[in-house]
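Novice: What follows is each chain in one-letter form.
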Amino acid sequence: MRLQKSTEFALYAVLELAADPGRQMSTADIAVRYGISAHHLAKVMRQLVRAGLIQSVRGVGGGYRFSGNVKRVTLWDIIELFEPEAPGDGEAGYDTPIARALYRVRAEIDDLARATMQSITLKSLLKFAPAETVEGLARTL
Amino acid sequence: MQHSEVTIRDAAAGDIQTVIRLDEIHTGLAKPDYWREMFAAYVTAAHFGRFFLIAEAAGEVAGFIVGEIRTWEFGSPPCGWVFAVNVSPDCREGGIGSGLLDAICARFRDCGVGTVRTMISRNDPLNLAFFRSQGMTAGPYIELEKSVEPV
Chain F
1 MRLQKSTEFA LYAVLELAAD PGRQMSTADI AVRYGISAHH LAKVMRQLVR
51 AGLIQSVRGV GGGYRFSGNV KRVTLWDIIE LFEPEAPGDG EAGYDTPIAR
101 ALYRVRAEID DLARATMQSI TLKSLLKFAP AETVEGLART L
Chain W
142 MQHSEVTIRD AAAGDIQTVI RLDEIHTGLA KPDYWREMFA AYVTAAHFGR
192 FFLIAEAAGE VAGFIVGEIR TWEFGSPPCG WVFAVNVSPD CREGGIGSGL
242 LDAICARFRD CGVGTVRTMI SRNDPLNLAF FRSQGMTAGP YIELEKSVEP
292 V
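Same order as they appear, the protein sequences are chains F and W. The first sequence: position 30 = 30 (our numbering), numbered continuously. Convert by adding 141 to the 1-based position in the second sequence; the result is the number in our numbering.
With the rest of the complex left out, here is chain F (with noise of 0.2 angstroms):
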């Protein structure tokens, strides 16, 4: 499953702040920690906040604090965010058995890829992640 980039970056900030969910950090601190572009993951970072994922905090030393809930949220609650409806029947051939045929199997691993995602929550990534980021959680649940 190919990921767009918005995706990745919404899952590297909700992630770092779910890690501790106590902390604040800026769009900067994020896109210096994973090396991407904080042009645009402030786009991104504008997304969460209006699902609800993470919130703003204005002031010094303001920045984004995550705000749902470690538990709940699955990667899949992220990553349908971003990414867009998969391809169907709008498809260029589609109406062709051999591009259905490869539809389907195209729909098959979509589906497989979709449950996936959709079983692992925030916490559940976070307990297998390095120790650095298991400590920022473990003190705040």
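Incorrect hints may have been included.
If you anchor each label on the Cβ, the simulated ranges turn out as follows [what the hints assert, rightly or not]:
#1 F/1 - W/289: 26 to 36 angstroms
#2 F/113 - W/216: 24 to 34 angstroms
#3 W/251 - F/46: 48 to 58 angstroms
#4 W/170 - F/85: 32 to 42 angstroms
To be clear, the hints were calculated from the coordinates, so they are not data collected in a lab. Ideal placement from N, C-alpha and C gives every residue a C-beta, glycine not left out.
Here the structure of chain F is known, so what remains is to put chain W in place on it, guided by the hints.
Specialist: Chain W only, in chain F's frame:
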């Protein structure tokens, strides 16, 4: 809810009605005949590598897990299979499911098995998320099926 006094034991014949009820709550289907067969095969008759465990909290049955060791299915070396796990809705998020899985994994380990597997519907996010949270990931086998209905 955390349950400080949870005990895990082998199932006994008298647990059957509670198991049927817990399963019905989760699946929406009462399957008394199925569970009677399961109890006959996994509880009242002793077989190497078959385990039916019960979790008790405050003297009440709070959950159960069933599994067995399967050997050389499709070339797979012996491994533990978990094919039923259930925790009472009143007792969830208290570590009972994790305790049951840990207990059955310990039984598998005692039998010399180093891998545990299960199969979950992709439309069952509750159980999928549970097994994921226990560190289980996709294994080396792919489940396939086809309709055998008359065309």
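Novice: Determine for every hint whether it applies to the structure shown.
Specialist: Results for each hint:
1. Separated by about 31 angstroms at the C-beta atoms, residue 1 of chain F and residue 289 of chain W satisfy the suggested range of 26 to 36 angstroms.
2. Against the hinted window of 24 to 34 angstroms, the Cβ-Cβ separation of residue 113 of chain F and residue 216 of chain W comes to about 27 angstroms, which satisfies the hint.
3. A hinted range of 48 to 58 angstroms for the beta carbons of residue 251 of chain W and residue 46 of chain F is consistent with their spacing of about 54 angstroms.
4. The given range of 32 to 42 angstroms is respected by residue 170 of chain W and residue 85 of chain F, whose C-beta atoms sit roughly 34 angstroms from each other.
Violation of the numbered hints given earlier is absent; every hint is satisfied by the structure.
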